[in-house]
Amino acid sequence: MTATTTLPAIELKSVGKTFRVSGGLLGKDRRVVAVDGVSFAVPPGGVLGVVGESGCGKSTLARLILGLLTPDSGDIAVEGQRIVDMDRKARARLIQPVFQDPFSSLNPLTRIRDIVAMPLQAQGSFSRAEIAKRVDEMLERVGLPGEMGNRLPAELSGGQRQRVAIARALVLRPRIVVCDEPTSALDVSVQAQILNLLAELRRDLGLTYLFISHNLAVVEHVASEVAVMYLGRIVEKKPTQALFHQPEHPYTKALLASVLTPEPGLGVPDVGLGDVMPDPANIPPGCRFHPRCPIAEPRCSTETPPLRPRPGGGVECLLVP
Amino acid sequence: MSALLDVERLEVGFGGRTSAVRGASLTVERGETHCLVGESGCGKSVTALAIMNLLARGGHRTAQRLTFQGDDLLKLDDRGMARLRGNAMAMIFQEPMTSLNPAYTIGSQMTEVMRRHKKVSQRVAIDRAADLLGQVGITAPGLRLGQFPHQLSGGLRQRVMIAMALMCEPQLLIADEPTTALDVTVQAQILRLLAQLQRDLGLGLLLITHDLGIVARIAHRVSVMYAGEVVESAATAQLFADPKHPYTQGLLRCVPVPGKQRQDEPLGSIPGTVPRIGPGFEGCGFRDRCTFADATCAHAVPHQTAAPGHDYLCRLAP
Ligand SMILES: Nc1ncnc2c1ncn2[C@@H]1O[C@H](COP(=O)(O)OP(=O)(O)OP(=O)(O)O)[C@@H](O)[C@H]1O
Ligand SMILES: Nc1ncnc2c1ncn2[C@@H]1O[C@H](COP(=O)(O)OP(=O)(O)OP(=O)(O)O)[C@@H](O)[C@H]1O
Ligand code: SF4
Ligand code: SF4
Ligand SMILES: [Mg+2]
Ligand SMILES: [Mg+2]
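One line per chain: the protein sequences are G and P, in this order.
The first sequence maps to residues 1 to 321 in our numbering.
The second sequence maps to residues 1001 to 1318 in our numbering.
The reader is advised that the hints may include incorrect statements.
Unchecked claim - With the C-beta cut set under 8 angstroms, the calculated list includes, among others, these residues of chain P facing chain G:
1. Gly1041
2. Gly1059
3. Arg1061
4. Thr1139
5. Ala1140
6. Gly1155
7. Cys1168
8. Thr1180
9. Val1186
10. Leu1251
11. Gly1259
12. Thr1273
13. Pro1275
14. Ile1277
15. Cys1297
16. Leu1316
Note that these hints are calculated values from the structure, not bench results.
The beta-carbon is built from N, C-alpha and C at its ideal position, and this holds for glycine as well.
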């Protein structure tokens, strides 16, 4: 075997996932399209930033990559192995999540140090002393030293809890970390400390990140490439600088134009997307963005935009050359 | 006329160990947006929960004054408070899953709030719920009303919370990080909706956020908290142009601005962490991290006025 080709750390090929939901008050069951024909590869040590509309499928994508959900179609491989074929312990050593809202599912009577110890305990191969040592190191590293480990989740602020989630994800020293809005609960200074820490760990340990965030400045800072999702599809993907400085898809442009910079008196811009949000159970024909696109043409509602390749990715819009 | 919400010298402790809020004062006028910012853990959520009398077990509040529309909230019993909550004063919680019941559909939770406070039929309540879901940008409200919280994305849940808080047309809305789970285009839409409600209903808004972009764009007034105290308060333009407290200055320096990020440089932050502050703590809570600290900062720190309506808590001259 030669090592001339490096396997991507994460690779997706035409991955799709839908959910069936009861029609509720209207009766009929409906299928919600969460992820639709998504393909990409993240090289080892890379950071893929994922941004997009609330509800467009980012967290579903994260859960698919973590093996917490099974795709309806397509393939997902992590370091060359199909994620669905791996056993849970091996998977946990390779890839770990940092979720938004990690504590809604936790026992409120579990102390912080025990929460962080869970992944080590689940492996069943670490001694008590080793677990205690690793947990202390990790808590120190995320800025929760000493007595903090003995507190209960309710005794920490939202920001402090997010640090616990990061400590828990990194305590097994995984190679790939899937971060779903890891710093959205933090103030800018603590956020910077955490992101600088994640960057440092990536350099030291050669980690690969999938990084989901609504904060575009953060994504610009941490990501090497950025994917923009809209209604389950990646509509634009590029190296970070290109995406921020030469955005091509009208949705990407709208996102960038909606960012609120800290300049008093400018108010909240209206970027012309209208107030009608997309319905994932009823994907529009043609270009799925056409009902809201400020520059849509008649053919946009019938023709499906092809992928126009770009270095490091591509764009799906009929009006770009 | 008195302010819509008037909080003076609020103190909150947990079981005698932690002083979470230490003498915080703030007011919200009708039609005003007052933003509360500050380091994670500085006491913003606890302040909001203390106002609503929803502190976790072990939490205890005292205040020199705590009034809503001139009524003394400290004297109100549980039933009196329950009549106001979700009705004239509503709150959007930082973690939506803590206030959405996983066992009930969105529709039944939204209509329950309204029917508890107003004499309306289920039909009217459902129509209002569907209308509000539409206003916060949710399509197919009928579908969403029949779903359970775990079937919604984070952003959808957050929007449901916002719609639910508006069910009874509150006078005061306390919103704890209401848009952090939302993408920036939806965020803009919701902020415009809140601004419109403010114009139409004279809604007073106490908004807790980490996003200084939001603060700059929509706040009339900003209060900055640090370690349980309000360390600076001013009209928005004034605060951004001329911050006086060293913590505020540091905070404004670390805001990352998109289009201007450099990957080879670490993000700006304020080194150090907040000290553990228990009863009897004296002096400035920021002194371990402040580049201007000297021996006098370990003793009582003066409240100073830099300009009318611009107050700060620091020994440094304006
Ligand atoms: N139930 C509780 N028991 C003990 N301490 C608590 C409790 N709730 C909060 N605290 C403490 O009170 C302080 C203030 O917490 P609070 O949640 O108000 O912070 P915050 O400013 O809202 O932070 P964030 O921005 O991270 O949400 C923190 O130090 C926290 O650990
Ligand atoms: N378990 C589920 N059952 C039914 N529908 C679901 C389920 N999980 C997700 N969905 C739906 O799939 C779509 C995508 O959800 P997802 O959580 O992936 O969005 P997201 O991009 O992470 O959004 P946000 O930015 O708001 O967190 C949404 O319409 C959501 O309602
Ligand atoms: S294909 Fe048409 S509707 Fe779609 S993004 Fe391009 S211009 Fe807009
Ligand atoms: S009182 Fe002293 S330590 Fe506190 S902010 Fe002012 S100068 Fe810094
Ligand atoms: Mg999500
Ligand atoms: Mg909080």
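Here's how the hints hold up against the structure:
Interface restraint check for Gly1041 (chain P): the shortest CB-CB distance to chain G comes to about 4 angstroms, inside 8 angstroms, so the restraint holds. At its closest, the beta carbon of Gly1059 (chain P) sits 10 angstroms from a beta carbon of chain G; the interface hint therefore is violated under the 8 angstroms criterion. Interface restraint check for Arg1061 (chain P): the shortest CB-CB distance to chain G comes to about 17 angstroms, outside 8 angstroms, so the restraint is violated. Satisfaction of the interface hint for Thr1139 (chain P) is found here, the shortest Cβ-Cβ separation to chain G being roughly 4 angstroms, below the 8 angstroms cut-off.
Restraint check, Ala1140 (chain P) versus chain G: the minimum CB separation of about 5 angstroms is within 8 angstroms; hint holds. The beta carbon of Gly1155 (chain P) is positioned within 8 angstroms of a beta carbon in chain G (closest approach about 3 angstroms), and the interface hint is therefore held. The criterion of a C-beta within 8 angstroms of any C-beta in chain G is not met by Cys1168 (chain P), whose closest approach is roughly 21 angstroms, and the hint is violated. Using the Cβ-Cβ criterion of 8 angstroms, the hint placing Thr1180 (chain P) at the interface with chain G is satisfied: the shortest such distance is roughly 5 angstroms.
With a least beta-carbon distance of about 5 angstroms to chain G, the hint placing Val1186 (chain P) at the interface is held under the 8 angstroms criterion. Checking Leu1251 (chain P) against chain G: minimum C-beta separation of about 6 angstroms stays under 8 angstroms; hint holds. About 6 angstroms separates the beta-carbon of Gly1259 (chain P) from the nearest beta-carbon of chain G, less than 8 angstroms, and the hint is met. Below 8 angstroms, beta-carbon pairs count as interface contacts, and Thr1273 (chain P) has one with chain G at about 6 angstroms; its hint therefore holds.
Residue-level restraint check for Pro1275 (chain P) is violated (minimum Cβ-Cβ distance to chain G is 12 angstroms; threshold 8 angstroms). Nearest Cβ of chain G to the Cβ of Ile1277 (chain P): about 13 angstroms, over the 8 angstroms cut. The hint is violated. Residue-level restraint check for Cys1297 (chain P) is violated (minimum Cβ-Cβ distance to chain G is 20 angstroms; threshold 8 angstroms). Annotation: Leu1316 (chain P) was flagged as interfacial toward chain G, and the flag is violated, the nearest CB pair being 20 angstroms apart, outside 8 angstroms.
Consistency note: the structure conflicts with the earlier hints numbered 2, 3, 7, 13, 14, 15, 16.
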